[in-house]
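**Student:** Chain by chain, the residues run as shown.
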Amino acid sequence: MNSPLVQVAVALAQAVALLMSVAFITYVLIIVVPFARYRERPPGDARAFGWHLFVPALNEEQVIGETVDNLRATFPEAHVWVIDDASDDRTGPIAASRARFDPQVHVVSRRFPDARTGKGHALNAAYRALDAWLPADADRQATIIGVIDADGRPAPNCLGVCAGDTLFGDPGVGSVQIQVRMINRDDPTPFPQRGRLVNALGQTLVRLQDLEFRVPISAIQTARRFTKSVGLGGNGQFSRLSALDFLAAENGEPWRGALLEDYELSLHLMMTGHRNEYTPDTYVDQEGLPDIFRLIRQRTRWGQGTMQCGVYLRQLWTSPYVATLGALEATYYLMQPWLQLVGTIIYPIPAAVFIANYAAGPTAMSEWMVSGGWMILLFYLTAGVGPFVLWGPVYRSHCERHIGIVRSIGLGFGYSLFVLIFYVTSWRALCRIIRHREDWFKTRRNAEFISDMELWDQMEPEALTIPAMMGETTSEWQN
Amino acid sequence: MHSSPRGRQPNVSRTRSSVPGRHAASTPSGPHGRRRAPQQAARHGTVRRPARYGRRVLAAALLFGIALSLVIFQYQFRHLEAFATAHVYRIVTPVLAASKAPIVWFGLGTTNAYGLEITPDCSSALLIVPLCVLGILLMIPRKLPVGRVAKALVVSATVLVAGNLLRIGVIALAIRVGGIGTGYQIGHLVLGSVVSIVCIAISLALLTVIVAARDGVQLRSVLLRGHRRAQ
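Protein chains in written order, with the numbering used here: chain W, 47 to 525; chain P, 1092 to 1322.
Derived by calculation from the structure, the hints in this document are not laboratory data. A quick note: this is a predicted structure, and the numbers were derived from the prediction, not measured. Errors might be hidden in some of the hints.
Just the calculated beta-carbon pair ranges, DEER-fashion [stated by the list, open to error]: (1) P:A1253 x W:Y378: 21 to 27 Å; (2) W:Q53 x P:A1253: 21 to 27 Å; (3) W:P202 x P:V1245: 53 to 59 Å; (4) P:L1187 x W:V388: 38 to 44 Å.
Beta carbons are placed, not taken as given, at the ideal position from N, Cα and C, and that holds for glycine.
With the sequences and hints as input, model every part of the structure.
**Tutor:** So, in structure tokens, the structure goes:
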């Protein structure tokens, strides 16, 4: 440790870690301001637009019927397009039974070998079906396509908000992403068959996902409205048909093949001069994942998808439609999984130095700690954890007023632990990229997962492999 | 909105040709069929300048050279920092930089004189190295003029160096107030770290603002607009 070369190397690693940490703290402080100052905007007239809701579905028999019924009851003016991606279960017949009696429900059936090639391809199939169905003189500028998960429950004001003057009411807006919430955030027993501790952990995990989507992600998206780099998510994503047509004219299809096909779409829209917008004035509810295994798998897909989208960096920087600030923001986002990889190596270095110094001279280090060294530990802990803890009270003040202040701070601390998952998933994503693994498995719904758990209880321990517990024993594609 | 009967097969080619801007994808016009005037494009900083790779490569090589020099000659840089600190604080208190080590002496002429050694951890030299790496990356997009990136890096690095000088001053002040034990610990470990973090944040924010600003005039207008809004 006393070699000058090692000292310089350690100091350099600490300098990089410090710069990365401060960049993140600055980013958080910058995005908090527009989020805190955001004021609700008046809704528009949904009747001025034609609405088509795409619901990609692969083995969704447990939820699809209820989802279609809910969408039709909540939005009588909208058409619902269920995309059955060659499901093994009764998804297709359930959707077809609705379509038989309701002319505004449509089923797009995909069959092998074209089926199960990715969510983007499934959405493209629905796009083509809609294109064929629409009359020749349809106003494609006023036709809006929404993508809703098979378990999605959009808010009743959703279409009206999206039709607002600053959203689709503005002809320059190509797409709108709405806020995502976790429908099961108040469910105290996500695992009815399990004990209190497992249920408490499960509920906390769901609550943290709710916090993540409604506060930090919402703040990032709100700030992106200024940098004009709003990203689309897989659920609650709305696009103007004419904007998708524009992409289709360039590439043949609007959605491409990345695992993060939603963010990929937003990049393409940005790079062709369309504006993506975000609104927290309305929301779509979806199921939160109460178990860590499925969560890791979901986040690995996000990480891998983000890494895949890195191929667009050159286009992003040469596009005449993307401003420098937007390109910088999108680059920072696309670099995140890579920065997390770097972080896993350099962030532990100060701790390693501390341990090494302690091993070399325990008495001296103990004296240093007592005489004030604890202050720097406390300080860096505050600086490292603070940007995450802060979201707990913000979540309380902006979203869930019934949560106590102490619990909201506790959630903030929980969130600072929750984000550590990205250090695992980024490495997992990198491994998948190195191994050219681009296939994916659908995240199983909670009801399916619970029935899986009941099966595991009856299985021999040696049969309980990680892939089996993560649900990677079923068919492809993502959620 | 659409009242077409189910199963109706519209004329696809007609549908496609009726889409505004659909065939404009390969032209320089925007998605709404509006061709962007060159002046307008220039205002948005979007005109592709002729590729001047030579200048970019040279700038990137220079940055690499600076980064490498800072690592190799960090001891000499720390010496310079000690001299700079002595020059700055000499105005308010007797300060001297040691001639053979990166140490600054405060409180000279009193019984409480003490020296602060600028170690590799405490120097701004190694903070500038990742900044240079960032600069090399920013030299890649042709959208960013070399001069603007260079200006941003110079401002950013200056703030880092100035911030470190301020930090050393804060540590010295804390020692004077709290003594060599507690004062040093609080100054070095807490107050100094706060100064560091604030200065690095300002440095990065300035870097972003300068890189993202289209030109100085627009940067000023952005700042003035923000000021007026605040009023």
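**Student:** Hints first: check each against the structure and report whether it holds.
**Tutor:** Taking the hints in turn, this is what the structure says about them:
| no. | hint | verdict |
| --- | --- | --- |
| 1 | P:A1253 x W:Y378: 21 to 27 Å | 25 Å, holds |
| 2 | W:Q53 x P:A1253: 21 to 27 Å | 25 Å, holds |
| 3 | W:P202 x P:V1245: 53 to 59 Å | 55 Å, holds |
| 4 | P:L1187 x W:V388: 38 to 44 Å | 40 Å, holds |
Checked against the numbered hints above, the structure breaks none of them.
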